[in-house]
Amino acid sequence: MRLHSKILGLAGLVLIVLGGVLWVVRFQFDLYVSITTIAGLFLLLFTLFVNFAAFRDFIGRRSTRYGTGSIVTIVLVLAIIVFVEAISAKHHVRMDMTRNKRYSLSEQTVKILKGLNKDVEALAFYSKGNAQRDTFERVLKQYRYYSPHFRYTMIDPEMDPTVTKEHGVKFYGTTIVKAEGRDVKIEEGTEEKLTNGILRVLRSERKTVYILKGHGEAAVDDEREGGYSKAKDGVQNESYEVKELVLLREEEVPRDAAAVIVNGPKVLPSDHELKLLSNYIGRGGSVLFMIDPDAAPGIEAFLIKYGVILRRDIVVDPMSRMFGADFRMPVVTEYARHPITENFGVASFFPVARSVNVDPAKASKGVKVNVLTATGPKSWAETNLRELKLGRAEFKAGEDTMGPVPMAAVATIGEDQPQDPSKTQRNPVGKMVVFGDSDFANNSYLSASGNRDLFLNSVRWLAGEEDFIAIRPRSSESTPLFLKASQARLIFILPVVVLPVVVLTVGVTIISRRKKNR
Amino acid sequence: MKNFYPVYKKEFATYFASPIAYVVMAVFLTFSGFWFYSQTISFYLTSMQQAGNPNAQLNLTDEVVRNIIWLMSFFTIFVVPGLTMRLYSEEKKLGTMELLFTYPIKDIEVVLGKGLACFTVYAIMLAFTLLYPALLIMFGEPEIGPIITGYVGMLLLGFAFIMLGGFLSSLTENQIVAYILGMGILMLLWVLRYFGDFFTSRVGQVFGHISTSEYVDNFSKGQFDTKDLIFFANFAIFSIFLTLRSLESKKWRGR
Numbered sequence: 000m001r002l003h004s005k006i007l008g009l010a011g012l013v014l015i016v017l018g019g020v021l022w023v024v025r026f027q028f029d030l031y032v033s034i035t036t037i038a039g040l041f042l043l044l045f046t047l048f049v050n051f052a053a054f055r056d057f058i059g060r061r062s063t064r065y066g067t068g069s070i071v072t073i074v075l076v077l078a079i080i081v082f083v084e085a086i087s088a089k090h091h092v093r094m095d096m097t098r099n100k101r102y103s104l105s106e107q108t109v110k111i112l113k114g115l116n117k118d119v120e121a122l123a124f125y126s127k128g129n130a131q132r133d134t135f136e137r138v139l140k141q142y143r144y145y146s147p148h149f150r151y152t153m154i155d156p157e158m159d160p161t162v163t164k165e166h167g168v169k170f171y172g173t174t175i176v177k178a179e180g181r182d183v184k185i186e187e188g189t190e191e192k193l194t195n196g197i198l199r200v201l202r203s204e205r206k207t208v209y210i211l212k213g214h215g216e217a218a219v220d221d222e223r224e225g226g227y228s229k230a231k232d233g234v235q236n237e238s239y240e241v242k243e244l245v246l247l248r249e250e251e252v253p254r255d256a257a258a259v260i261v262n263g264p265k266v267l268p269s270d271h272e273l274k275l276l277s278n279y280i281g282r283g284g285s286v287l288f289m290i291d292p293d294a295a296p297g298i299e300a301f302l303i304k305y306g307v308i309l310r311r312d313i314v315v316d317p318m319s320r321m322f323g324a325d326f327r328m329p330v331v332t333e334y335a336r337h338p339i340t341e342n343f344g345v346a347s348f349f350p351v352a353r354s355v356n357v358d359p360a361k362a363s364k365g366v367k368v369n370v371l372t373a374t375g376p377k378s379w380a381e382t383n384l385r386e387l388k389l390g391r392a393e394f395k396a397g398e399d400t401m402g403p404v405p406m407a408a409v410a411t412i413g414e415d416q417p418q419d420p421s422k423t424q425r426n427p428v429g430k431m432v433v434f435g436d437s438d439f440a441n442n443s444y445l446s447a448s449g450n451r452d453l454f455l456n457s458v459r460w461l462a463g464e465e466d467f468i469a470i471r472p473r474s475s476e477s478t479p480l481f482l483k484a485s486q487a488r489l490i491f492i493l494p495v496v497v498l499p500v501v502v503l504t505v506g507v508t509i510i511s512r513r514k515k516n517r
Numbered sequence: 060m061k062n063f064y065p066v067y068k069k070e071f072a073t074y075f076a077s078p079i080a081y082v083v084m085a086v087f088l089t090f091s092g093f094w095f096y097s098q099t100i101s102f103y104l105t106s107m108q109q110a111g112n113p114n115a116q117l118n119l120t121d122e123v124v125r126n127i128i129w130l131m132s133f134f135t136i137f138v139v140p141g142l143t144m145r146l147y148s149e150e151k152k153l154g155t156m157e158l159l160f161t162y163p164i165k166d167i168e169v170v171l172g173k174g175l176a177c178f179t180v181y182a183i184m185l186a187f188t189l190l191y192p193a194l195l196i197m198f199g200e201p202e203i204g205p206i207i208t209g210y211v212g213m214l215l216l217g218f219a220f221i222m223l224g225g226f227l228s229s230l231t232e233n234q235i236v237a238y239i240l241g242m243g244i245l246m247l248l249w250v251l252r253y254f255g256d257f258f259t260s261r262v263g264q265v266f267g268h269i270s271t272s273e274y275v276d277n278f279s280k281g282q283f284d285t286k287d288l289i290f291f292a293n294f295a296i297f298s299i300f301l302t303l304r305s306l307e308s309k310k311w312r313g314r
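Chains as they are written, first to last, in our numbering: chain A, 0 to 517; chain B, 60 to 314.
Just so you know, these hints were derived from the structure itself, not from any lab. Each hint should be verified, as a subset may be incorrect.
Here are some, though not all, of the chain B residues that point toward chain A, as calculated from beta-carbon distances under 8 Å [what the hints assert, rightly or not]: (1) Tyr96; (2) Asn118; (3) Leu119; (4) Ala186; (5) Leu190; (6) Gly204; (7) Lys280; (8) Ile289; (9) Phe297; (10) Ser308.
We put the CB at the ideal spot given by N, CA and C, even for glycine.
Make the full structure from the sequences, and use the hints.
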């Protein structure tokens, strides 16, 4: 073959390859791609044509035949392998060997995904440089794995500013979950937020949780330590609206109220308000009472109708000293069998609380009341508040009641009423949960141990969403490492020095022995 | 498959007769050992610092075990070609390749014999590193699951890489070339998924799928996925196939 035709032929090949690369990069067979490829093809054919005789000989040679045969088989095998890979990518089985399966989705999420029968789409707006992008995409992939109705797209706000603006996305790391024409915005890329987002978007009506205002309760917009802004966020993430309720001005508790929260009133609500609450409960409403020690005097009379007894005491728990806390911060470890505390394994802390006792005998007809949580056996309810203020507390038999001390009560009203056959709707069942402290859910203490779950589960049960009660997804266990100086030295010497030296010594021995034997 | 065993035995013995295997092992163990030490001590220091903090998220498995598995897998990019570079290149140089072809041994027996001998050396090297999780278990509470998946993963990875290294070694007489090729290709495959960002999402996905670090991520976290197993199996099988073709081509090319 003449030199220039060789070069031409090579150029032709190069152009074809370039065309292929361009096609991949642009992902469509457009003008540039076609021109390059066709030009390459032309050059190649031209070379072939000009050197036809030489070419014919080349084909005839045995080495070419074997070589082509090889290439063909190689391509064939590669195609099979690619096919196998494609199938394996779609249908694969995954085993999570971590102790608490923390890299897998929680059972609750899986249950929800498996039961999903409507199309849900998630648009995740993460820029390419964002460290959380990959992690969240893995989470999204798992969602997809469990439900064919779930789809997701990763969008880079920098590459797609129009789409980003269209959806009103202002911050990177936001995800929009869409279904049935509605959409919900999630600001954090976690499994918890995503699952709740899915639930929120699928819910057709918005439920509202009202928080009572006007008696010195902690404000929901207060972000300071004693405020309730974190609790508000928590409730909103459970897909409820949160609104303040000034009951004094109303004629009745709003009809769209899924629940009313009374978080630590300092003074007693007026008779008018109490009457409205009791009416609300009577027609199937749900109220969460959190009454601090020595606060709202007089509320006892209201609560006793529901079988809940509040005394003038403060619970003292020596066990909390073990956790580094004051003994006036009781540790709650006993939980009753109830949807709110199902699967509860963690303790909760109540900073300065009163006991919440139940006496079904004192309750009105139709009320079923039970203890929900209690402290451990070494605690007691101290009635001598003066001594306590001075920092001294001693159990006095007869005056004080020994633990376990009940710390919360749960009641249903009207549950055992016979169904009226003339009505198609079920009888309304009122619900109530009473805690002897409101601080455990404020900004300082909400994230302590089981407090958040206890609070949110109560709200959920009250608002009627039992199916979705879930323990937050597992995070890694804390397994710190503590070493003595000798152990630390061992950790250096054995791996870094001893091991390589052993290997080298063995090597030297074996090799020199061989040399000796020669 | 009768002749597989003699090939395997001979190759294995050759490894231990030359200093290369020991040097490679010692270097790998030194680097891994030092990395293990630094990760463990730094975790210990953080544990001490955070001792009074109940909210600290300190997980020995996530921080230390995962990192050492990850790094050892990354090291194999440098170490495995060192072990495989002499598999065929030496024979070609010494001229014993033709001799090999005259024996009534099937090519596949040669490939598997040599490959598995190399793999055994690699496995021995990994076995030495079991010292690290052993130390962790003695002094702390690592989770066993991720340790198991980590080592199984590294064995699979090593097997696949060794088969590729073998193929590259069969292409040239020059061991250095075989090493550089091996290291270069393995490194490329490792970082490939990060390049996916520059291309369309489809291409990016393909890159991610053939990138080896993607799978190391999984087994270093305690996830065992059939996807990973199949990927490495395919990788190994394809490399073995290419080696067979390469050996065959030597025969009819007469070189």
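*Of all the hints given earlier, name the ones this structure violates by number, lowest first.*
4
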